[in-house]
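Number of protein chains: 2
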Amino acid sequence: MELLKRKIMSDGVVLSDQVLKVDAFLNHQIDPLLMQQIGHEFAKRFAGQGISKIVTIEASGIAPAVMAGLELGVPVIFARKYQSLTLKDDLYTSTVFSFTKQTESTLAISSKHLNAQDHVLLIDDFLANGHAARALIDLIGQAGASIAGIGVVIEKSFQRGRAELDEQGYRVESLARIQSLSGGQVSFLD
Amino acid sequence: MELLKRKIMSDGVVLSDQVLKVDAFLNHQIDPLLMQQIGHEFAKRFAGQGISKIVTIEASGIAPAVMAGLELGVPVIFARKYQSLTLKDDLYTSTVFSFTKQTESTLAISSKHLNAQDHVLLIDDFLANGHAARALIDLIGQAGASIAGIGVVIEKSFQRGRAELDEQGYRVESLARIQSLSGGQVSFLD
Numbered sequence: 001m002e003l004l005k006r007k008i009m010s011d012g013v014v015l016s017d018q019v020l021k022v023d024a025f026l027n028h029q030i031d032p033l034l035m036q037q038i039g040h041e042f043a044k045r046f047a048g049q050g051i052s053k054i055v056t057i058e059a060s061g062i063a064p065a066v067m068a069g070l071e072l073g074v075p076v077i078f079a080r081k082y083q084s085l086t087l088k089d090d091l092y093t094s095t096v097f098s099f100t101k102q103t104e105s106t107l108a109i110s111s112k113h114l115n116a117q118d119h120v121l122l123i124d125d126f127l128a129n130g131h132a133a134r135a136l137i138d139l140i141g142q143a144g145a146s147i148a149g150i151g152v153v154i155e156k157s158f159q160r161g162r163a164e165l166d167e168q169g170y171r172v173e174s175l176a177r178i179q180s181l182s183g184g185q186v187s188f189l190d
Numbered sequence: 001m002e003l004l005k006r007k008i009m010s011d012g013v014v015l016s017d018q019v020l021k022v023d024a025f026l027n028h029q030i031d032p033l034l035m036q037q038i039g040h041e042f043a044k045r046f047a048g049q050g051i052s053k054i055v056t057i058e059a060s061g062i063a064p065a066v067m068a069g070l071e072l073g074v075p076v077i078f079a080r081k082y083q084s085l086t087l088k089d090d091l092y093t094s095t096v097f098s099f100t101k102q103t104e105s106t107l108a109i110s111s112k113h114l115n116a117q118d119h120v121l122l123i124d125d126f127l128a129n130g131h132a133a134r135a136l137i138d139l140i141g142q143a144g145a146s147i148a149g150i151g152v153v154i155e156k157s158f159q160r161g162r163a164e165l166d167e168q169g170y171r172v173e174s175l176a177r178i179q180s181l182s183g184g185q186v187s188f189l190d
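Line order of the protein sequences matches chains R and D.
UniProt numbering applies: residue 1 is where the first sequence begins, and numbers increase by one.
UniProt numbering applies: residue 1 is where the second sequence begins, and numbers increase by one.
Hints in this document: simulated from the structure, not taken from any laboratory.
Check the hints yourself; a few may be wrong.
Keeping only pairs whose Cα atoms sit at most 25 Å apart, straight-line, the calculated DMTMM-like set for lysine to aspartate or glutamate is [unchecked claim]:
no., chain 1, residue 1, chain 2, residue 2
1, R, LYS81, R, ASP138
2, R, LYS101, D, GLU58
3, D, LYS112, R, ASP23
4, R, LYS101, D, GLU104
5, D, LYS21, D, GLU173
6, R, LYS81, D, ASP23
7, D, LYS21, R, GLU58
8, R, LYS112, D, ASP23
9, D, LYS81, R, GLU104
10, D, LYS88, R, ASP17
11, R, LYS7, R, GLU71
12, D, LYS81, R, ASP11
13, D, LYS81, R, ASP23
14, R, LYS112, R, ASP89
15, R, LYS81, R, GLU164
16, D, LYS112, R, ASP11
17, R, LYS88, D, GLU104
Computed, partial: chain R to chain D, Cβ under 10 Å [as the list claims (entries may be wrong)]:
no., residue
18, PHE25
19, GLU58
20, MET67
21, VAL74
22, ALA79
23, ARG160
We put the CB at the ideal spot given by N, CA and C, even for glycine.
Sequences are here, hints too, so could you generate the full structure?
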């Protein structure tokens, strides 16, 4: 997605070989028009797949997911992140480790909102090591729902998440694929 | 806003005299079309006010804020919530106590994204005791920015937040004002 790549080049900040900061338009400050265009692009790529629901994670996944949900005409569920959680019967839960924060947290979705009839599009802001995606896939599996695919705003293709999801047979659509952040420079894969 | 009131009546769950659960369309599962209509309503009420930025809080404020930002043509910043935070020079921070969770957390906004030239619309999903709104007002004050008004999706008018903000002279626009949740019933103020 050219517009997104241009935004990454103009407003993204390379903090290290591993870390790209996009808090100017995606992770802290949000550019609503860009989110609308991202939602449109996800909707186009996953049109006609019988998607009944979008699942994402708080907080940065919400804006692109809601814009995609608006275009696809389906509800969006955001998994909540808890540092500690008293387990309840009415929740699907899965643990996830964040490399960025070096902490483990629990993701949870209410069982009331997801069931075996659902065909789900996963959306997240970043795909790096794939831990968050794996936890979401686990939650959706607990509901017995099926997965239409995974929509990612920014993929760090040099980390292992994308390759693993490909191997597992998931359809992954990443709007910007970053090959490298070496030398303070963003290089895209295509 | 009639559509929102109807949604509260049909999909909201009164858990107690104090607590209305709206996780079917706002706080966990999100109805994107309703969010678009909410964004439209906020944009209409605050049109022509010279708003340069919308500020909200993760996670449930993001969807209505981004839809309003899309219509007003301005960026959205979501304050991040931290259980613990190492203070840094480039952050405005304010502490907030959550009655629902009975925990204190720190809200933070990067100083890079908000400055004295900004005229800010605050948006949040709920207004109850007003603690979150007060913390956001504090953050915006630290930036030296001015406040155009406060847009609230659901106001619990029987709690003190609204009255306090009125007394302080802020313009508050709440799309649904709840007078009472007594006896398991939602009563609206108007």
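Check: Regarding the pair R/LYS112 and R/ASP89, is the alpha-carbon distance no greater than 25 Å?
Finding: Judged against 25 Å, a Cα distance of about 11 Å means the pair holds.
Notebook entry, point to check: Is R/LYS101 close enough to D/GLU104, meaning Cα to Cα at most 25 Å?
Noted result: holds (20 Å)
Item checked: Pair hint outcome, R/LYS101 versus D/GLU58 [Cα-Cα no greater than 25 Å] -> Cα-Cα ~17 Å, so holds.
Notebook entry, point to check: Hint check: is the beta carbon of R/ARG160 less than 10 Å from a beta carbon of chain D?
Noted result: Check failed: Cβ of R/ARG160 comes no nearer than 27 Å to chain D, outside 10 Å.
Check: Against chain D, with CB atoms and a cut of 10 Å, does the hint on R/GLU58 hold up?
Finding: Holds - the Cβ of R/GLU58 comes within 10 Å of chain D, reaching about 4 Å at its closest.
Check: Given the proposed pairing of D/LYS112 with R/ASP23, does the C-alpha separation stay at or below 25 Å?
Finding: With a Cα-Cα distance of about 10 Å, the restraint between D/LYS112 and R/ASP23 holds, given a limit of 25 Å.
Check: Given the hinted pair D/LYS81 and R/GLU104, is their alpha-carbon gap at most 25 Å?
Finding: Within the cut-off at roughly 17 Å; holds.
Next item on the list: Please work out if R/LYS88 and D/GLU104 have their alpha carbons no farther apart than 25 Å.
Entry: holds (23 Å)
Check: Are the Cα atoms of R/LYS112 and D/ASP23 separated by 25 Å or less?
Finding: holds (10 Å)
Next item on the list: For the pair we were handed, R/LYS81 and D/ASP23, check the Cα-Cα distance against 25 Å.
Entry: holds (15 Å)
Next item on the list: Decide if the proposed pair is consistent with the structure: R/LYS7 and R/GLU71, CA atoms, cutoff 25 Å inclusive.
Entry: Holds - the C-alpha atoms of R/GLU71 and R/LYS7 are around 22 Å apart, at most 25 Å.
Next item on the list: For the pair we were handed, R/LYS81 and R/ASP138, check the Cα-Cα distance against 25 Å.
Entry: This hinted pair holds, its Cα atoms lying about 15 Å apart.
Hint violations for this structure: number 23 only, all remaining hints satisfied.
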